[in-house]
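Using the sequences and the hints given, assemble the complete structure.
Protein chains: 4
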Amino acid sequence: MNLRTDLAVELLDQFSKKTKVKEEVIDSVKITSVLIAKEDAVKIGKADGHYMTLEFGDIRDNNISKKVIDILKDKLKLFVKNKNKILIVGLGNDKSTPDALGPLTLKYILVNAPLIDMGYSNDSVKTYAFEPSVMGKTGIETSDIIKLLTSHIKPDLVLIVDALASSSIERLNHTIQINNVGIMPGSGVGNKRKEITKNNLGVDIVALGVPTVVDSATIVSDTIDYMYKYFAYNKKELDNPASKLKTGLPNYKNYDITINEDEKKALMGMLGTLDNEELKSLMIEVLNPIDSNLMVTPKEIDEIVLILAKIIGTSINLAFELNVTNYLD
Amino acid sequence: MNLRTDLAVELLDQFSKKTKVKEEVIDSVKITSVLIAKEDAVKIGKADGHYMTLEFGDIRDNNISKKVIDILKDKLKLFVKNKNKILIVGLGNDKSTPDALGPLTLKYILVNAPLIDMGYSNDSVKTYAFEPSVMGKTGIETSDIIKLLTSHIKPDLVLIVDALASSSIERLNHTIQINNVGIMPGSGVGNKRKEITKNNLGVDIVALGVPTVVDSATIVSDTIDYMYKYFAYNKKELDNPASKLKTGLPNYKNYDITINEDEKKALMGMLGTLDNEELKSLMIEVLNPIDSNLMVTPKEIDEIVLILAKIIGTSINLAFELNVTNYLD
Amino acid sequence: MNLRTDLAVELLDQFSKKTKVKEEVIDSVKITSVLIAKEDAVKIGKADGHYMTLEFGDIRDNNISKKVIDILKDKLKLFVKNKNKILIVGLGNDKSTPDALGPLTLKYILVNAPLIDMGYSNDSVKTYAFEPSVMGKTGIETSDIIKLLTSHIKPDLVLIVDALASSSIERLNHTIQINNVGIMPGSGVGNKRKEITKNNLGVDIVALGVPTVVDSATIVSDTIDYMYKYFAYNKKELDNPASKLKTGLPNYKNYDITINEDEKKALMGMLGTLDNEELKSLMIEVLNPIDSNLMVTPKEIDEIVLILAKIIGTSINLAFELNVTNYLD
Amino acid sequence: MNLRTDLAVELLDQFSKKTKVKEEVIDSVKITSVLIAKEDAVKIGKADGHYMTLEFGDIRDNNISKKVIDILKDKLKLFVKNKNKILIVGLGNDKSTPDALGPLTLKYILVNAPLIDMGYSNDSVKTYAFEPSVMGKTGIETSDIIKLLTSHIKPDLVLIVDALASSSIERLNHTIQINNVGIMPGSGVGNKRKEITKNNLGVDIVALGVPTVVDSATIVSDTIDYMYKYFAYNKKELDNPASKLKTGLPNYKNYDITINEDEKKALMGMLGTLDNEELKSLMIEVLNPIDSNLMVTPKEIDEIVLILAKIIGTSINLAFELNVTNYLD
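Chains as they are written, first to last, in the numbering used here: chain F, 6 to 334; chain Z, 6 to 334; chain S, 6 to 334; chain C, 6 to 334.
Take the hints with a grain of salt, since some may be wrong.
One copy or two, either will do: identical chains are not told apart, so a pair holds if it fits within one copy or between any two.
[As the list claims (entries may be wrong)] 20 angstroms max Cα-Cα, derived EDC-like pairs, lysine to aspartate or glutamate:
| # | residue 1 | residue 2 |
| --- | --- | --- |
| 1 | K258 | E268 |
| 2 | K269 | D149 |
| 3 | K203 | E44 |
| 4 | K159 | E290 |
| 5 | K269 | E283 |
| 6 | K100 | E308 |
| 7 | K112 | E308 |
| 8 | K142 | D122 |
| 9 | K142 | E308 |
| 10 | K285 | D220 |
| 11 | K43 | D296 |
| 12 | K100 | E305 |
| 13 | K86 | D18 |
| 14 | K199 | D122 |
| 15 | K285 | D230 |
| 16 | K142 | E305 |
| 17 | K43 | E29 |
| 18 | K258 | D45 |
| 19 | K142 | D66 |
| 20 | K35 | D18 |
| 21 | K234 | E290 |
| 22 | K258 | D296 |
| 23 | K234 | E305 |
| 24 | K90 | E146 |
| 25 | K27 | D149 |
| 26 | K25 | D45 |
| 27 | K71 | E60 |
| 28 | K25 | E44 |
| 29 | K142 | E326 |
These are computed hints drawn from the structure, not numbers from a lab.
Written out as structure tokens, the structure reads:
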């Protein structure tokens with residue numbers, strides 16, 4: 006995974022008021038739309054533009070996946086309207102399951118450019134699709150391949166599908182991000198050559214990504230946050246005689262509670278004084294020198310990434326009103 | 006992954022003196038041989054018998070994988086000597102990468118039973134191979150399928166290959182365990198029906214497994230242990246003026262140091278008083294109610310599991326002195 | 006492909022009047038139902054019983070595949086009525102595309118036995134599924150594996166899915182055969198051990214097969230038959246002045262015409278006196294000693310076998326009224 | 006399969022004396038080297054240049070495949086000498102087994118360009134690899150993609166690997182062709198845009214292909230030729246009393262015998278007066294209007310194409326003296 010974006014939604018608290026944020030919930034799918042202002046973009050090392058995330062439950066549930074297709078298709082239309090010649094790029098390594106989302110999605114995309122050219126289709130949107138593979142397998146910079154194809158095909162939109170890294174275990178495989186900015190490697194690196202952006206390609210871009218991997222440092226810092234909630238929940242319940250009758254702990258994650266600073270310090274000592282980001286930084290500091298900050302993916306990734314590819318492929322076909330097959334039915 | 010063993014080597018400190026432990030290092034591969042005594046076996050909910058582990062570096066390094074084949078072949082011979090009719094069983098789900106070790110290994114095994122019967126081979130060991138798949142796909146108890154085949158083929162040894170869960174991030178994909186006991190589901194469960202053991206099959210058994218997944222609770226507790234080492238190392242170095250000249254942190258994991266109890270408490274408060282097992286239990290308590298104790302696997306699992314399958318398949322062929330192909334050359 | 010049936014429909018002209026034949030056409034799918042009488046069965050080296058074939062156009066056409074599902078589901082119901090506990094067996098080698106129909110079909114079958122046992126499903130038909138692989142990979146006779154599982158599960162029906170050999174290029178990938186007889190290896194061989202039949206298993210059986218391979222001798226003899234038609238068509242058209250205005254040759258295969266014996270002899274000499282079966286025998290005589298009677302499959306087999314698996318899997322789910330997904334939509 | 010070459014070796018009898026032909030046999034592998042003169046090239050609708058074929062037995066025999074690697078490596082060196090920067094292109098559709106030779110071969114190629122750039126390798130030849138997929142999946146002309154990459158990477162050699170169509174069943178999967186001309190679509194078509202040649206790319210090219218498919222018309226005409234040999238052999242043997250003692254027919258294909266014109270006419274009537282090419286043309290005339298001139302591949306294609314990919318990949322690595330792995334050992 007060479008080219009990675011973080012999820013903008015994970016950076017909400019770093020933005021000024023110039024950045025516009027809108028949230029809505031449709032059919033239990035939470036949609037967050039963020040228009041990042043230029044000054045905020047600079048601060049987080051990203052480009053300014055429109056970032057939208059859909060957050061949802063377990064897409065292995067057929068009802069949830071159908072809802073996601075419905076919403077994703079509608080939201081995608083906002084990003085691609087008035088575009089008629091599209092190059093769809095599936096980034097990633099098809100032989101590495103958590104990185105195969107892009108290549109797998111292409112399997113479900115209807116490519117109609119030759120059909121239209123030969124008069125066999127009258128779709129109004131013309132589609133091309135390409136899988137540039139990864140530099141480790143080709144020796145060629147992925148962004149260069151996309152630039153070459155873009156200059157040749159001259160699409161009015163490049164639509165990128167990619168697997169991302171998550172900075173929260175909660176969003177892992179439970180979030181789709183769409184942006185009109187493209188893909189930039191690690192903030193502040195300033196490696197312009199590897200960017201896949203409107204600037205770099207000279208054509209409008211939409212990037213569609215799902216976080217499929219997370220690092221160990223995030224697992225640790227997120228778990229410690231859950232632990233605070235867990236103790237807060239238990240404390241509250243101890244004061245509540247009614248709760249003694251219940252068996253089993255509820256999904257306390259949904260409660261917006263935590264323990265106070267003193268309690269954190271008693272529980273976790275010096276580490277109790279750190280916030281989630283600081284904790285994560287400490288864990289990275291600990292794990293990196295011993296090569297143990299593993300990037301991991303849930304063991305069910307094969308099944309999940311296949312369903313995600315079907316969802317995204319179907320939604321793209323629907324958004325462009327192609328002669329469509331819904332691969333989930 | 007229905008049927009899982011833990012690694013015996015991870016339980017060393019729970020054993021009495023009746024359990025014999027022998028350690029050796031060959032070509033930087035660490036071999037631990039544990040003869041678990043009956044009373045210790047009962048305590049940990051396992052069967053008594055011989056458990057051996059090989060621990061090694063990154064098997065994506067061709068030099069390391071060749072050494073592992075060499076050693077595994079020799080060690081395996083100790084477990085299978087005087088056996089002439091072998092049923093090799095690849096447990097797991099071939100469509101789920103971290104669980105596909107068993108099915109993938111079978112691809113590299115030379116099955117010669119029909120060749121011997123037709124006079125085309127004069128191998129002295131006769132091999133059969135079978136992939137029982139998983140209950141979610143067949144509806145049939147895996148142990149029942151193996152029992153049926155065993156009663157039909159009447160081998161003098163059943164050799165099982167399986168992916169395991171690890172209780173340490175260090176051993177994840179870096180350990181192969183061999184035992185002469187078979188596979189038993191979770192300790193204490195007493196579900197005799199699901200056992201794949203000599204008792205259950207009525208024939209000698211050897212189980213060969215690699216831990217390919219680990220849970221989040223383990224990642225947290227292991228990371229906290231690393232953190233103690235990290236602080237201990239830093240403290241030691243602060244007192245050592247020479248170290249100020251060095252840049253970068255060494256792989257301090259190899260140092261057998263930690264901080265003292267008071268320091269742990271200052272650093273980690275109440276949690277600083279818990280040992281690794283207690284910490285892990287607490288994390289399970291925290292993560293389970295919110296369905297967040299993910300079983301995860303490194304993102305490179307596709308490449309790793311393929312190499313592991315080649316290593317194990319080749320070693321089995323060599324251990325039985327079959328007309329052999331080394332799939333790693 | 007160890008265990009193969011021919012298509013009963015290809016043997017129609019060898020049957021006496023005791024064998025009942027019924028033909029119908031639904032939505033341009035031709036259905037032939039043959040109740041083979043005992044004496045005819047003996048003659049052709051098959052078992053007596055009910056053989057039905059569906060013949061259709063190119064299933065890569067979504068309209069055709071949907072019709073086939075509709076009809077196959079209905080016809081299958083006739084074969085499986087009043088059965089409540091089903092073992093579905095996918096025969097063949099999943100690593101050999103033209104032989105992978107059985108294993109691929111299982112991917113689409115809903116296995117509900119554990120769900121019903123745990124109370125998560127109230128389907129009235131209970132399904133198990135199994136892939137016995139092939140003897141070359143397991144060393145174990147496929148029919149033995151099925152017998153073992155049948156004796157263990159005690160289903161009231163075993164449903165086999167398999168890829169067949171065709172004795173006509175026209176039916177290759179264009180025919181599904183259902184029978185209530187099972188699968189018997191080559192006629193007259195009398196190898197009872199390899200049979201997969203009611204007799205052998207002690208339980209009712211339905212076999213569902215598609216011919217995916219054909220041998221070179223058949224390609225030659227069928228092409229010579231086409232040539233006769235071709236010349237007959239051309240001769241007829243030469244006498245018809247109107248036809249001179251047309252360009253291109255129509256699909257003359259549908260015309261029931263041929264040239265007469267003298268014309269055949271002028272055209273094809275001694276070979277012109279042989280019928281299709283005799284020609285094929287001659288070609289086998291010619292090709293076998295030089296190992297050139299290749300079994301071949303169309304180059305598009307990967308796409309075709311995948312669609313066939315979806316069609317058959319979906320039809321089985323529908324026939325048993327399982328909580329169904331139609332994988333073709 | 007959009008872009009196909011025939012095998013030059015199949016056109017030997019159409020060449021004038023200006024075309025130089027050299028034959029040798031090494032370890033039972035027959036090597037034919039053809040330097041096609043310009044005027045002959047024009048006649049057959051190909052480019053002038055060097056075409057070499059290796060013909061061998063069944064590459065599923067490990068001894069044969071090792072010999073082929075040894076010879077192919079040496080011959081390839083003649084074609085690539087003094088080249089230091091190579092773009093290797095795997096043509097074809099990775100999801101269609103008989104067309105997957107190119108993509109599969111890339112799996113075994115060592116790509117070292119980034120390693121050399123980062124100082125991790127000191128191979129003297131720098132390799133890049135690319136899989137342009139097929140127009141049906143991308144919407145983009147394959148030759149355009151290769152041209153774009155060539156202009157970007159500026160290699161001094163483009164090495165193409167592709168699956169071909171055979172015009173003889175004997176060469177199917179038993180021949181590797183190397184040329185320094187590239188790939189041109191069907192003779193006489195004059196579709197310059199689709200050519201992948203030195204002319205078109207502006208850089209030296211070597212194309213490496215194996216015929217994996219054959220059409221039905223070829224199967225018919227080749228079988229009729231075999232039949233002539235078969236009758237010639239039988240007739241000769243009838244006159245030879247000694248042969249009556251033998252059982253079984255030998256592989257008469259190796260005998261350079263046939264029956265005379267009168268015998269052909271008696272046996273095959275009018276068709277007996279046609280040569281192999283005329284017969285094939287007639288069969289195409291017969292089969293095309295009824296869509297029955299199937300392109301077919303042997304049913305064992307999955308296994309064969311995988312071995313061919315390993316052979317070619319290993320030979321390329323060896324020819325460039327890369328830090329090599331022989332994937333067949």
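These are the hints, each one checked on the structure:
For a Cα distance limit of 20 angstroms, the shortest separation of K258 from E268 inside one copy, 19 angstroms, qualifies, whereas the shortest one across copies, 31 angstroms, does not. Taking the shortest Cα distances, K269 and D149 never come within 20 angstroms of each other, neither inside one copy (49 angstroms) nor across copies (51 angstroms). Taking the shortest Cα distances, K203 and E44 sit within 20 angstroms of each other inside one copy (19 angstroms), while across copies they are farther apart (51 angstroms). Taking the closest pair of Cα atoms, K159 and E290 never come within 20 angstroms of each other, the shortest separation being 45 angstroms inside a single copy and 42 angstroms across copies.
Proximity of K269 to E283 under the C-alpha cut-off of 20 angstroms is found in both arrangements, the shortest distances being 14 angstroms within a copy and 19 angstroms between copies. With identical chains, the CA atoms of K100 and E308 are at most 20 angstroms apart both within one copy (15 angstroms) and between copies (8 angstroms). Proximity of K112 to E308 under the C-alpha cut-off of 20 angstroms is found in both arrangements, the shortest distances being 15 angstroms within a copy and 12 angstroms between copies. When the C-alpha separation of K142 and D122 is checked against a cutoff of 20 angstroms, the pair qualifies only between copies, where the shortest distance is 15 angstroms, while the shortest distance within a copy is 32 angstroms.
When the C-alpha separation of K142 and E308 is checked against a cutoff of 20 angstroms, the pair qualifies only between copies, where the shortest distance is 13 angstroms, while the shortest distance within a copy is 25 angstroms. For the homomeric pair K285 and D220, the shortest alpha-carbon distances inside one copy (10 angstroms) and between copies (18 angstroms) are both at most 20 angstroms. For the identical chains of this complex, K43 and D296 are neighbours neither inside a copy (36 angstroms) nor across copies (38 angstroms), given an alpha-carbon limit of 20 angstroms. Taking CA atoms no more than 20 angstroms apart as the test, K100 paired with E305 passes in both settings, with 16 angstroms inside one copy and 10 angstroms between copies.
For the homomeric pair K86 and D18, neither the shortest alpha-carbon distance inside one copy (30 angstroms) nor that between copies (60 angstroms) is at most 20 angstroms. In this assembly of identical chains, the alpha carbons of K199 and D122 lie at most 20 angstroms apart only when taken from different copies (16 angstroms versus 33 angstroms within one copy). In this homomeric assembly, K285 and D230 come within 20 angstroms of each other (Cα to Cα) both inside a single copy, at 11 angstroms, and across copies, at 15 angstroms. Taking CA atoms no more than 20 angstroms apart as the test, K142 paired with E305 passes between copies only; the shortest distance there is 15 angstroms, against 25 angstroms inside one copy.
Neither within a single protomer nor between protomers do K43 and E29 lie at most 20 angstroms apart by alpha-carbon distance, with minima of 24 angstroms and 61 angstroms respectively. For the identical chains of this complex, K258 and D45 are neighbours neither inside a copy (29 angstroms) nor across copies (39 angstroms), given an alpha-carbon limit of 20 angstroms. Taking identical chains as interchangeable, the C-alpha atoms of K142 and D66 lie at most 20 angstroms apart only when they sit on different chains, with a minimum of 17 angstroms there against 35 angstroms within one chain. Proximity of K35 to D18 under the C-alpha cut-off of 20 angstroms is restricted to the intra-copy arrangement: shortest distance 18 angstroms within a copy versus 48 angstroms between copies.
In this assembly of identical chains, K234 and E290 lie within 20 angstroms of each other by CA distance solely across copies; the values are 12 angstroms between and 25 angstroms within a copy. When the C-alpha separation of K258 and D296 is checked against a cutoff of 20 angstroms, the pair qualifies only between copies, where the shortest distance is 10 angstroms, while the shortest distance within a copy is 31 angstroms. In the homo-oligomer, the alpha carbons of K234 and E305 never lie at most 20 angstroms apart, since the shortest distance is 27 angstroms inside one protomer and 33 angstroms across protomers. Only between protomers do K90 and E146 lie at most 20 angstroms apart by alpha-carbon distance; the minimum there is 16 angstroms, versus 24 angstroms within a single protomer.
Taking the closest pair of Cα atoms, K27 and D149 never come within 20 angstroms of each other, the shortest separation being 35 angstroms inside a single copy and 44 angstroms across copies. Proximity of K25 to D45 under the C-alpha cut-off of 20 angstroms is restricted to the intra-copy arrangement: shortest distance 11 angstroms within a copy versus 63 angstroms between copies. In this homomeric assembly, K71 and E60 come within 20 angstroms of each other (Cα to Cα) only inside a single copy, at 14 angstroms, whereas the closest approach across copies is 35 angstroms. In this assembly of identical chains, the alpha carbons of K25 and E44 lie at most 20 angstroms apart only when taken from the same copy (13 angstroms versus 66 angstroms across copies).
Within a single copy, K142 and E326 get their C-alpha atoms only as close as 34 angstroms, which misses the 20 angstroms cut-off; across copies the closest is 19 angstroms, which meets it.
Violated hints, listed in ascending order, are 2, 4, 11, 13, 17, 18, 23 and 25; each of the other numbered hints is respected by the structure.
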